[in-house]
Structure formats: structure tokens, C-alpha cells
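Protein chains in written order, with my numbering: chain U, 528 to 816; chain Y, 6 to 556.
It is worth saying that the hints were derived from the structure and are not from the lab.
By construction, the Cβ of each residue, glycine as well, lies at the ideal position given by its N, Cα and C atoms.
Where hints are given, some of them may not hold.
Using 16 angstroms as the maximum straight-line C-alpha spacing, the simulated EDC-like pairs for lysine to aspartate or glutamate come out as follows [as the list claims (entries may be wrong)]:
#  : chain 1 : residue 1 : chain 2 : residue 2
1  : U       : 696       : Y       : 357
2  : U       : 744       : Y       : 508
3  : Y       : 151       : Y       : 179
4  : U       : 699       : Y       : 412
5  : Y       : 417       : Y       : 403
6  : U       : 681       : U       : 647
7  : Y       : 254       : U       : 726
8  : Y       : 254       : U       : 543
9  : U       : 699       : Y       : 410
10 : U       : 699       : Y       : 264
11 : U       : 788       : U       : 743
12 : U       : 596       : U       : 571
13 : U       : 788       : U       : 777
14 : Y       : 255       : U       : 599
15 : Y       : 312       : Y       : 297
16 : Y       : 254       : U       : 725
17 : Y       : 254       : U       : 625
18 : U       : 588       : Y       : 297
19 : U       : 667       : U       : 543
20 : U       : 788       : U       : 758
21 : U       : 699       : Y       : 297
22 : Y       : 338       : Y       : 412
23 : Y       : 254       : U       : 647
24 : Y       : 339       : Y       : 275
25 : U       : 696       : Y       : 265
26 : Y       : 255       : U       : 726
27 : U       : 699       : Y       : 265
Quick look at which bits of chain U chain Y covers, simulated, 3 or more residues with Cβ under 8 angstroms [said to hold, decoys possible]:
#  : stretch
28 : 619-633
29 : 715-723
30 : 731-745
Each chain, letter by letter, is given below.
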Amino acid sequence: MLVLFADTDMDLTKKEAKELGYKLISMPYSIGNDLIYPYESWDEFKAHEFYEQLRGGTLPKTSSISEEKYVEYFEPEFKKGNDIFYVHFSRNMSGTFDAMDKAVEKLKEKYPERKFYEVDTLGISILGYVIAKEIADLFKNGKTVEEVLEWAKKEVKHYACYFFADDLKFFKQSGRVSNLAGTMGTLLGIRPIIYMNDEGKMLNIGKEKGRFRAVEKLVGYFEELSVDPKEHRIILASADNDELVQEMKDKLEEKYGKGLKIETTTVNPTIGAHCGPDTVGLAFYAKHR
Amino acid sequence: MNTLKLNGALFADMIRCGAKNLAEKKEIVNELNVFPVPDGDTGDNMSLTINSAASSEDIDDPVSLAKTSDAVMRAVLLGARGNSGVILSRIFAGLAKGLEGKVEANLQEFDNAMKMAVSEAYSAVAKPVEGTILTVIRDGVNSAHKEMTSETTFEDYFEFLAREMKRSVDRTPELLPSLKEAGVVDSGGVGLLYIFEGMQFAFDGEKVDADFLKTRKNEFEELDISLFTEDSELEFGYCTEFLLRLQNKKTNISEFSVDDFTNYLKSVGDSVVCFKDGSVVKAHVHTKNPGEVLNHCQQLGEFLKLKIENMSLQHNNSVIRNTYSVQNIAPRKKYGIVTVANGKGVVDTFKELGCDVVIPGGQSMNPSTSDFVDAFNQINAETIFVFPNNKNIIMTAEQASEATEKDIRVIKTKTIGEGYSAISMFDTNAEDINTLIDELNGIVSGVVTGQVSQASRDTKMDGLDIKQGDFLGFSDGRILVDKKERKDIIPELAEKLGAENFDICILFYGENVGENEAKEMEKILKEKYNRLEFYLLDGGQPIYDYILILE
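Produce the complete structure using the sequences and hints provided.
What follows is the structure, encoded as C-alpha cells:
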């Protein structure tokens, strides 16, 4: 049997993962000395509570999981004679995949018959989310492993993600967007616009004054890049800012009418620790990233 | 002391004092290496070179200057390491040739010998490059020679020498583009300066035990751990140095910004020196929390080399002297920004936005042309943008731009609001300067600034009958609101400026306004304009009680 894995860095909740047929690998964050594993340390993500804590000045840190932890996730499946198909967040965003590679290598020696497949979504948060959802659909529709891998090779780079951050101190701490312009010390209403490139890295591509103009800018990217907008999932998400997600939804519907397949979700806490509260973004099917 | 004759004993002391001064500061010299490679550092090389003479017993000839200088020459020629060490050894070789046969030397003779030192140093290099140790020694000697008179003592002569060498060191980036690119002064020049600076200490009777220099190599033995006890306070923090290899899996190396990284280091410490060569970052910072720095860095890569020292142990009992301090010149960047503002909060806001220089001034005190030129000289950038923020300052800025060789562009901002708005959206990565200027002008035209001040006399204007002491709200040269009470101004001014059509409101309150009143204004505006993003800042500016910026 084939067992699907995904990880919590791609915004999947425990419930969604179950519905889609994924087992979840939990990517931890820490606040003070507490190391917290989403959906292991707790069952439900209380987004507002978490992001309020960040607004109050808490700066969580994230850490990558160890080789042993990966063995704990994967070995029981190999033992049972199952193969693994892991849809994961971008390798270029974390050192954790070195640990995973080592774990897989060791397990393969122990279980030479077993197969391990992976799809690098070259994304994180909603970009991983939308791709994980598509892949789950493909399997549900009876596609084979080879067909899904073929699809991923072709289509992963057709999913784009654009977002803006509200408070740069989180990204400055994490260093995950390295080209943030030096002039952005204080934001006072300026929102850096960030996207994920073909290498699965986050890059700053501009800035916009004011949250509403920033939302318009995101919608502008959608207009410029989307392909068959009514045929594909559009994921809107925020780190606890429903008002702006609604604003973005309204703007999209103003332009395209009601028939869009819009889904909304919340940025998971581990990524939230990098981007900070009130980050708003969208992921969609595009000409290119 | 007024030294008029130099003998062997004094010269030997001078060599030892010079060697000690450099030994104590060689890390500073090492930090100036343009290419951040871990070995072959200039400071180490020069220090080892001069130490070979300073720690030699042969230089202690009590009778003859010629014998001492000859011993110095032989020791440094044999001990020379690295290019800068070789040139250094040739300087002392030239000096020894000039002092040949002299039991002692008067200043005239010594000055002649120094000239020989310069030409010997130049002859050591096939193609002499200016902006290096060569330039520094030549400039120093030429200047000292010009300044000396028949009355000049050795003390004065070395003072002249060191003074010009400092200036010459500071000029090296202008002569050598690679230094300018990297934002450093020439390391060899600084090393030489430290030696000559140290040599002066011998005139004060300072003696250096030659053993001190011999044991320099074993850094650990030097540590006097009694200087930091169970009850000591961490006063100086840790001198933290490292070589960091940026890693692809952790960061986007080509996009790595040395500026951002330097700013980060400055936020956790001081004495920051930071360079990048390829994927290797070399950094030096004094911080009380090295752990935080290391954690941050490990998110970007892995360390190639690390050194952390408690600076309380470095501040050992050696005399603290006022010696040359290396300025951390900012690396050359594409764009620099100069603006004009008053009030601590307003100035800080501009600095946080990335302004290189904020010239103090504004309505009551207009800066001069030379204030601008001084500001331009502090910035190492291809193009410098000026935001005057006052229509009475624009012409001065334009005049200043003609008084310098640098490429200066004046964006004619007439208010703090215009300046703030434009600078906050400044695209430091912009390729095309004309597009950038158009963008900035576009931003300026989209911002509205309202200001509040008190009437200085009775007048009739804009249909209003204004009495002295009235509070006035005005914008773009027109008085829009006239009230007896200051707190009544802001709500009406915001309305007249059409606040409902904007997304962002920034309100700087001035030095005359209390925080409570300002918060009251914030509350009123927030309630009335709920789509407006509101930022209240303690600007501390004089004259204008409020500056209301709508974007």
C-alpha cells in the first residue's frame, strides 16, 4: 500500500490531512523554552490566540526535526510493508531535509524492498497547501505514482504564491527573505511584497503603501499571471486577519464574478513565526511563478 | 623632553614601543583585509615582521645608532612576512642605510634617512600602487619634512609624521578603488601608522620588555584571568569574530545583503566590521550576547572559524592612549540618502528608513550649503539623493549639488510628509535612475501634509481673521483651520484634507504636545476613519505641534 505524507508547514490541519489521506509530519516551533509540535502538542490551532501573542512581542523560533524523528514517522510504514509518498515544503527553505535524506537512506538499507517517493512543492504555507490538495485529488481519481510524479514535474512551477508581511521584524529575525531592501527598517504602513520563485525560495519583489493597496497589488499579480482562473483552486490566507482576506476575495469577485473556486485558510504557526501576524497572501494556478 | 639627538638606545626603545602598539591593535588591521580569507592577515604579518626586530637582543647597542638600525634592518629583512611585511622591512632597511656610520643623528640627518626609507620602500615593488602603505609613508615623510624647522624636536617630527600618515590612511580609499568598493582604508597603511604612533611613546620614557613581544604568539598565556572575577560586571562584552560560510540550503547567497547583516550586527553590538567575499562573510562585533549572534548566523550558514574573547581581559593594564581609530566606512553602495529634519523622533524615523545623513534643520534653522557638502562627503555611494523637506532649503541643496564632484539628485520635497513618504518607498535596488526619480516624484505628488503651529502675530489671511497665539492648521501654503484651542485643529484639518480618501495616516506630535493629547487625537481620528491605518509618533519637533501625513 502507498501511504501519503505531508507536513504541517503547508497549512494542512489535522482534519484536512485526514480527509485528503495524508499523515502529517509536525514541524515544530518554540516559544521560550517550550518546543511545540503542531497537532501533536495540541489538537487544534488557535490562530487568534497565537498571533495575538506575537503581536504582544513574542518572537517564536523554529527548528528542524531530526533524523530520528523522521525514522519514527517512516519506519512503522516500511515495517508494515507500505511505501511512502511524501509531499513536502520547499527543500530550499530548511536544513531539515538533510536529516530526512539520511533517515531515508538508512531505512532503505534496512528495508530494501520499500519505496520512498517525494514531491518538493517548492513552496511553503498555502503554496504547499494547494499542491498537496491537487495531489490528493489525483490519487483519489486513480492516478498512479508515476503519473502523479510526472504531473508534479510539470505543474509544481505553475502554482504561484504572492503575499505581503505586516511587520518585518519576524522575517528579519528568521533571515528567510534575504533580499529585503535595506530601507525597510520601520514599516509604518509599508508592506513588502514577497513571492516564491522556481527554486522554492522567498524573494522580495517590491513594496506597497498601505494594506489595501497591498491587497490590490496581490490581486494585480493574480490578474497578470493566472491561467483559467475559474478552473483552479485559489487559496487565500492570512495570519489572523480575516478582514483583509475578505477584502481580497471581494476584489477578486469584483473582477471575475462569483464563479471562482476560492478557499480560505490560516497560516500555520511555524510559518507564522517567520512571517508574523497579519501576513496576507494568495496561491493560484499561473503561467509561471 | 625635547629630543634633539637620536641614539641607539632610544631608537631600540622606539622600535619596541612601535611593535607593542601594533601587536595590541593587529586585530584591527586584520579586520581591514579586503578579501576575507583567514590566513595571511596584514596585521599578523606586519606585527611578526616588526617583532623580529623588537625582540632581538642585537638591537640593544647602547653606543651606536648605526649599529642598532643595522640590527633592526637585518632582523626585519629576515623576519618579513607577506607583502606588507616586505615593504615594512624595506622602510627600515632604507632608514638604516641613511643612518649608516652615525653614532647619533640630529633631526636633519634623520629626516634625510627617512627620505631614503621612502625610496627604498618604493624600489621594493615592481609597480608601486598608490593608496597603500607606500603612499602613507611617503605622505608622512614629505609633510614632516616640509613642516620641520631648525627648532623642531624629534617629538615634533614624529607628531607631524603621524598626523599626516593618519590623513593619508583616510585618503587611501580615494586612491584605490578596491578599498572604496569594500569600504575600508588600507590595512598596511594602518599597520604602519600604528608602528610610528607607538614609536612616539618612547619619547615619554616608555619601555617595553622584549619578552612581552616574544610571548605574543601564545595568546593564551597572555590572558590575565584575574581581571574578570566571580563578581565582575560584564562591562565591555565580548569581542566576537567569525568567518561564516553562507549556505544555499539556508539562504539565498546571491541576494544576501551585507547592509542588512551589518544593521543586524549593529542592533546587537557595536564596533561592527563586516565584509563578504563570495559566500564567505567575515565579521567583527563587540556584543554582550555572542550566543544570539551565533544563533542568528547559523540560520544563514555555518562557521569556518570563530573567536570570542571577553574584552575585560583585553583591557589589561596597558596605558589607554588616544590612538588612531579605524572608521568603519560604509561599503560603496548604489544610492545614498540625505535629508533634513528636526526633532529626535522625526530624525530617528528617517534614520530607521535608511537615510545616511539627517541634517538637523527645518523651518527655523536652514542648513548651509557646506552642511550639505559635509553630508555628501560622509556617504560612499554612486548617487546621493537629497530630500530637503522644506521649500526654503531646496535651493541650498541644489547649490550644494554643484559644489561637489559627486552625483547628487535633489527631489524637491517641501514637507516632512513628502520626504518621509518618498524615502519610505525608495527602491534601493532600482536599476534605472530616471525611473526611480519619476517614481519618487510620483509618490511626492500623492502625499498630503498638514501642519499645526501657533500664529506669531495678528493677520488676515485666506479669509481668516487670525489673532496672535491662535493655533493654525495649514497645508501647501494655505491656512485651513484657525482655532483658539490646539486640540480642535487636528479633527477639522484631517477632514479638510480629505482623510477618508487615504490609506495611511502618520501623526508626529511636537515637543510642545503631551502624549495624552496626542493619544486623544489618535482616538478621534481612528474612530472617524476606520479604514485608515494610523501611526502616532513622538516626533519631538519644534514649532510644528503636529505634522499630519496622509498617504
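Handout entry: Hinted pair residue 699 (chain U) and residue 412 (chain Y), Cα distance within 16 angstroms
Key = violated (31 angstroms)
Practice task
Measure nothing beyond the straight line between the CA atoms of residue 699 (chain U) and residue 410 (chain Y); if it is 16 angstroms or shorter, mark the hint as holding.
Solution key: violated (36 angstroms)
Practice task
Take a quick look at whether residue 696 (chain U) and residue 265 (chain Y) sit within 16 angstroms of each other, Cα to Cα.
Solution key: Satisfied, since the Cα-Cα distance of roughly 12 angstroms is no more than 16 angstroms.
Exercise for the section: Decide if the proposed pair is consistent with the structure: residue 151 (chain Y) and residue 179 (chain Y), CA atoms, cutoff 16 angstroms inclusive. Expected result: violated (23 angstroms)
Problem - Restraint check for residue 588 (chain U) with residue 297 (chain Y), where alpha carbons must lie at most 16 angstroms apart - result: Cα-Cα ~12 angstroms, so holds.
Problem - Residues of the stretch 731-745 of chain U with Cβ under 8 angstroms from chain Y, three needed, outcome - result: It holds, with 7 qualifying residues against the three required.
Handout entry: Given hint residue 275 (chain Y) paired with residue 339 (chain Y) - CA-CA distance at most 16 angstroms
Key = violated (24 angstroms)
Practice task
State whether the coverage of the stretch 619-633 of chain U by chain Y holds or is violated, taking the criterion as 3 or more residues with Cβ-Cβ distances under 8 angstroms.
Solution key: Since three or more residues must qualify, the claim that chain Y covers the stretch 619-633 of chain U holds, with 5 doing so at under 8 angstroms.
Exercise for the section: Below or equal to 16 angstroms on CA atoms is what counts here, so check residue 254 (chain Y) against residue 543 (chain U). Expected result: Cα-Cα ~29 angstroms, so violated.
Handout entry: Given hint residue 726 (chain U) paired with residue 255 (chain Y) - CA-CA distance at most 16 angstroms
Key = Holds, at about 13 angstroms.
Exercise for the section: Would you check the hint for residue 681 (chain U) and residue 647 (chain U), treating anything up to 16 angstroms between C-alpha atoms as holding? Expected result: Holds: residue 681 (chain U) and residue 647 (chain U) sit about 12 angstroms apart, inside 16 angstroms.
Exercise for the section: Mind checking the alpha carbons of residue 788 (chain U) and residue 777 (chain U) for me, to see if they're no more than 16 angstroms apart? Expected result: holds (13 angstroms)
The structure fails to meet hints 3, 4, 8, 9, 11, 12, 14 and 24 from the earlier list, while all remaining hints are met.
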